[in-house]
Amino acid sequence: MSDRARSVFRRLCLGLFVASFAAQSFAAEVERWGLNMTEGVTSVSRNIHSLHMNILWWCVAIGVVVFGVMFYSMLVHRKSKGAKAANFHESTLLEVVWTIIPFIILGIMAVPATATLIEIYDSEEADIEVLITGYQWKWKYDYIGQELSFFSLLSTPKDEIYNRSEKNPNYLLEVDEPLVIPVDKKVRFLVTANDVIHSWWVPDLAVKKDAIPGYVNAAWTKVDKPGIYRGQCAELCGKDHGFMPIVVKAVEQQEYDAWLAERRAASAKLKALSEQTFSFDELYAQGQQVYEQLCAACHQANGEGVPPMFPAIKDSPVATGAMDKHLDMVINGSPSNPTMAAFGPQLSELDIAAVVTYQRNAFGNNMGDQLQPIDVLKAKQ
Amino acid sequence: MAHGPAQGIRRWLYTTNHKDIGTLYLWFSFAMFLLGGVFALVIRAELFEPGMQIVEPEFFNQMTTMHGLVMVFGAVMPAFVGLANWMVPLMIGAPDMALPRMNNWSFWILPFAFAMLSSTLFMDGGAPNFGWTFYAPLSTTYAPPSVTFFIFAVHIMGASSIMGAINIIATIVNLRAPGMSYMKMPLFVWTWLITAFLLIAVMPVLAAVVTMMLFDIHFGTSFFNAAGGGDPVMFQHIFWFFGHPEVYIMILPAFGVVSAIIPTFARKSLFGYSSMVYATAAIAFLSFVVWAHHMFTVGMPLAGEMAFMYMTMLIAVPTGVKVFNWVATMFKGSMTFETPMLFSVAFVILFTIGGFSGLMLAIAPADFQYHDTYFVVAHFHYVLVPGAIFSITAGVYYWLPKWCGNMYNETLGKVHFWTAFIGLNVTFFPMHFAGLSGMPRRIPDYNMMFADWNMISTVGAFLFGAAQILFLFNVIATIRSKRPASDEVWDRPEGLEWTLPSPAPYHTFTKPPPLS
Ligand code: HEM
Ligand SMILES: [Cu+2]
Ligand SMILES: [Cu+2]
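Just so you know, the sequences run in chain order F and Y.
Just so you know, the first sequence maps onto residues 56 to 436 in our numbering.
Just so you know, the second sequence maps onto residues 97 to 612 in our numbering.
Treat the hints as calculated values from the structure; they're not laboratory data.
Keep in mind it's a predicted model, so treat the numbers as computed, not measured.
Hints are supplied without guarantee of correctness; some may be wrong.
[What the hints assert, rightly or not] Straight-line C-alpha distance at most 16 Å; calculated EDC-like pairs for lysine to aspartate or glutamate:
no., chain 1, residue 1, chain 2, residue 2
1, F, K134, Y, E434
2, F, K240, F, E179
3, Y, K428, F, E145
[Unchecked claim] Calculated from the model, a selection of chain Y residues having no Cβ within reach of chain F, i.e. all distances over 10 Å:
no., residue
4, A102
5, A209
6, F218
7, P233
8, T307
9, T317
10, C500
11, M503
12, T507
13, I518
14, F546
15, S577
16, K578
17, P589
18, T595
Cβ coordinates follow ideal geometry from the N, Cα and C atoms, glycine included.
The following block holds chain Y by itself, in its conformation from the complex (with noise of 0.2 Å):
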């Protein structure tokens, strides 16, 4: 047997090991989503009445963008490479990540950035305030100087993203056990193959913007710059280029998780497998066709909008074809509704209220009246938090007694879910109607019409909060509570995870495991 972890902090500082990585990417993850979370609070605190009450319009506006960039970038993907650093290998039957080195570097870039990030809050004009989506000129020629603070850090957690997806890559290509062919795969190591490949093609064109970025505020360069013959339209093309697949980044390894946890719980294997694989492929293939419509009111010729609008409604087919193989899987199953299949459940049917406001924004006709207004943030509220973040959360119940070897407790499990639920539902859903009866997103103040949905919505807000609170109080007291879990853990779940005593060892899988 392979030694043991190194002890205290240069076990982390110099760990290789894919388990460990993994849990420094979850728990990083975590303190991000606690960090965003009081920037939203914030706002929503701000938004709780008409009226100015708690911060200036200027804050205001690097609360929204900080909150953004922290949810996108710090909590979301980082705690999918986090469960890629954990789960891959143990599903492929690997003995770790293909490059361990370059996985050490590629989380411990990450703090620094996000440091770097939010040390632009203390500076001298403040932080970012030009929304996370930091189209040009409000980012150029009339950005704070705080600015080039975070163009370095978007560098660095891009140069984060392409070293894990590199990684995660060359895993899969090359680690998997014999005889586990690529149509073998679990879902969860499909749909992170699918988005390494995503990620690895559109972070460095997020690369590319911010550095065109640099050089116009830096070295007098006009790409953005209308007076001196740039074009700041082409800035919300090649962002969106990035931009849309980066949602895609968000929500296909959470198909991956839900994939894994609602077949165990439904005591019956994934309905559709190879047709889940495909719809996958196919979603990641259109996601670098429908990029422009986050731009039907730029002013795009009339050919332009109808080809747009005609493949956003396209890739709302795959994503059918998912969700109606989620339900397939539970149908005629023998269902039971522990913690992570709540969570599971409550994904696959927010996530498709947020798939049907998808669906809407797609009729640009339409879409005049709800772009930039809080429809489209109820829209990517509703695919991002049930999405992703349910996910990760169902997740991390899911492995959580294979991780640490000690069963959670499950009545704050689901009291964790249903305030979570609850909270989330009357937060955003209110947001639909204010959002359709006119307000505009990413604005700190407005009139009388709108106060019931938002102050609706900022209770819910503090509802959700507070859930997040639980979540945090349930992990720490499984780590440290002396229930263990079984080696399945679950009712004969499949998988080679499954195979592993609980905890898992530090070394697993040293020696191919053999395949049934």
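Isolated chain F (complex conformation) (with noise of 0.2 Å):
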């Protein structure tokens, strides 16, 4: 070997060496900064994340031909390279050619592209179908047939959002209670919304469905490794659409039973609880914990309100008003603006009650009256 071949062999290796170093901790940053579509954990997410891949690498592919070709002439044919201009402008061939090729390009992905389709709109034959309800700004889980319904809210503090506390991990991505289903199981989910247009994704699953009122879609998914997948809703809803994520947690069929039987018995003894009768304080400081989560995002945690989108609660003519009246209000909604919604379907009657005696109190508005779940639920029947 020559000298001069020897070294562009040493030359060789060591970018080599250092191409396949570079290659991991590439690898590596791809992961930290998140840079490409997740492959999921089901069958359907693997196929849209090869799909994704395919189209890429094709257009990558084009954009070096075109690119190449463009550049190629950008550098050399310049005039102060001393280039003439060619005299040609047109060629019926290659017209030809260029919708020909792009033409057969596009067959080849149309084929998986529509098998992939056809996997995806397959919800037939689910093992567990759960109801999915968006509402502004939260998300309703109802397990169809299993009497077991919840909401799910975003869980992270004020604190955190208003940068008056440290971000945790999950900021944002986080809440009070997820959406529990079995691994290995097909899920079918129905989807739709209470208000306004929202959007059920998560990309793990590579579902995202749109919940729109008065129509109930279907979607579904099997998912096959137990763990913790986040999302968020796709959809412009207004205020705080960004603040209203979905969690899934995927478990084990033993441990997804032993969840449904304890969450189970958690809301009989919720509903059991619409006969006892608390104290003022006990009423007062649930009904907070209540405001604070459902009401606060339009009414404010001061309860000032946002006029006119949002009337405050401070010394509003109906918190402060006759007590059947406000409770209507909550229980059915407000007749002539939707934006307040009726909570009566959404909420125990302890919870009514409670939120109803701490509008009537809180914020100044000392209006030294209670009221009882039982009261509740005599005035929804």
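Combine the two chains into a complex, taking the hints into account.
Structure follows, in structure tokens:
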């Protein structure tokens, strides 16, 4: 080997070494920076990922050719390099060729895309069905036939959002109560909405389905790895659209069964509470919790609202007026403005009693009266 | 020789001169571009890092909505109408537009529309906050009171666009110089002719959909209200039946502008003129049958999903033909890179990148992951900013010496180009990654995993903003400078406009020019 060849060879080896090293840390960097679509944990999500990579590489290939020719002529065919302009300006052959080649590429892409689409649309024969309802700004999960339903709300504290305390790693992607599903089971989601359009999206499941009032859309998933998968609402739905995350917890079947039993017992207990009587302080404390979780998004934690969009509760004619009018507003919503939703179907009797009691006595309203769950039950009937 | 312009403000208020009206349109659209840009910078500033810092979510939504509306209807569309006003008569050898009084009217209602739209920012309940796509029922039952003003503003903009379109069609069909057959028209004239037909076809659809909103809000109908038996998805079908052709309304004239510029600086005529015309027509036709690719996740039947996927993929073919023709025009040319050429070359490269991401979005199953994420934001900004905005900028640099008779400062032009080019890519390229890793669009706050990309985007956005100040400065300096441009301005450019003196006299082609 000549000296020159040897030095080239040595450099090549060094280059390869550095490149392989760089590739490794590159992969780590890709991970850290979040560069690409997730492969996810379902067969659909993996198919979509491979479609995505395929079409991406086709684009890169076309780009290399087109930009290659373009940069070549920009470098070589310059006036400053003495290039003389040629005279051609037509070629039917070329036009035909560059119409047909993209056509063929698209044909090649269309086949697997169609197959995946068919797979996505096949939500039949599910093991479990969950009705997902979008509300401004929370999700409700109904386990159909299981007599279990609950709301799932953002649990990130306001202090983190307003930079008064350190943000935790799941900032804005955490909820008070996740959707729990078993792994390796086909779960069908029926997706709808109660007010405006939302969209239920979890990237790792590759499920994104619009939640539309008056429509029930079907989607499905079959997760093959236990874990916690996070997503967000993907359709602009008003003020707190950025604050209604989705958390799905996929667990083994036994764990799922245990969770289901426990969760059902808990909600039965909650139902029983509507028969009991509570002290003012208990109601007030519970009411404050409900208020901050559900009402403060619009009426604000200090009760001053955001007039004229969201009225104040402080000194509100309703909250300082007749009890039955106030209760009616909370149970049935506003007759004139759907933004004030009917909370009757959403909250337990205890929670409604508590939040009404709270609103009548907090923010200096000091009405001094209170409401028991049993009164709410009566009003509902 | 006919008389010159009137003096003072009356010249502009009463003018029926196509050059004056073109100038008004262009200045107006630049003002709107800056306004929309300020809204964008508010958005980017809030997204600089995780956490809420500068604005509240409610106001953030108003900013995204107003940004989109002002950019689409205030910046891009009027700018192209302005270019058409100036250039179509000069390119076809006509003395003026065919309907000069309507021309005056179609411009002068625009400032009122945008004054009305902007005034909503100061109203109780704030400006429209439902996105530029204003999906019902968020924009009807749940909208702030200012939505009514938004509806009327859209009506006025639509009326203005329709009048502009009628005028352009009437001009092109009737006022071509003898001997200028359709297949001899410059491509800019062709693309505008087709765009004008698109406008006439879809602006009434937009007017219809906002009128239905108005009825839902004020007169108790339930077109889009599910509780009353209406259909929120129907809103989206109607909106996108307007909306998809609308995106081509914003890009076809851009194709025309760069098809004028690239041959000049490659010193070689446009490759495949007739295939360019046919491709434009094909794109315009296909743009009517792809609208539901914006709705892949609303739960359409499988067959609908497939049909719209195939049609959308198909539209990439004529778009590809255009790009290949531009590259073939440059090939074996004798190129120089003055500012208009720089913007045009950047147009071809970056628009193609936007086309690639469009192709990816067309794959319906993959769109389930892309839809309503920052990936889509990256896509349409790559087609709109380097597409529409860069081509308009290129056109301004290219024709400015003809308009005002002075040569612009080339160095400043190049500095403007490079800041804009770098700013644009730093702003929008990272959005692909943010979207792919899961960041939804239209959110005021996000998890830390998206923080790096967002910070980079924000820095780029301010750089891009600064570039526009350079542009403004350069244009004003050119108008006031004393460096006269030659009549041809460039190195033997093609087109009737270059046979006129610089600056172009107030009245031109009062006698049809002889065509060689
Ligand atoms: C020619 C210039 C183009 C313009 C001005 C344009 C503009 C836009 C805009 C504004 C959106 C955003 C819609 C939204 O609000 O979600 C969009 C989305 C989309 N574009 Fe384009 N586009 C262009 C070209 C293309 C091409 C060539 C394709 C396909 C071959 C394409 C495919 C799509 C698809 C599929 C979406 C929907 C993405 C989604 O909603 O998830 N576009 N485009
Ligand atoms: Cu949302
Ligand atoms: Cu479209």
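Hint numbers contradicted by this structure: Violated hints (numbers, rising): 7, 14; every other hint is consistent with the structure.
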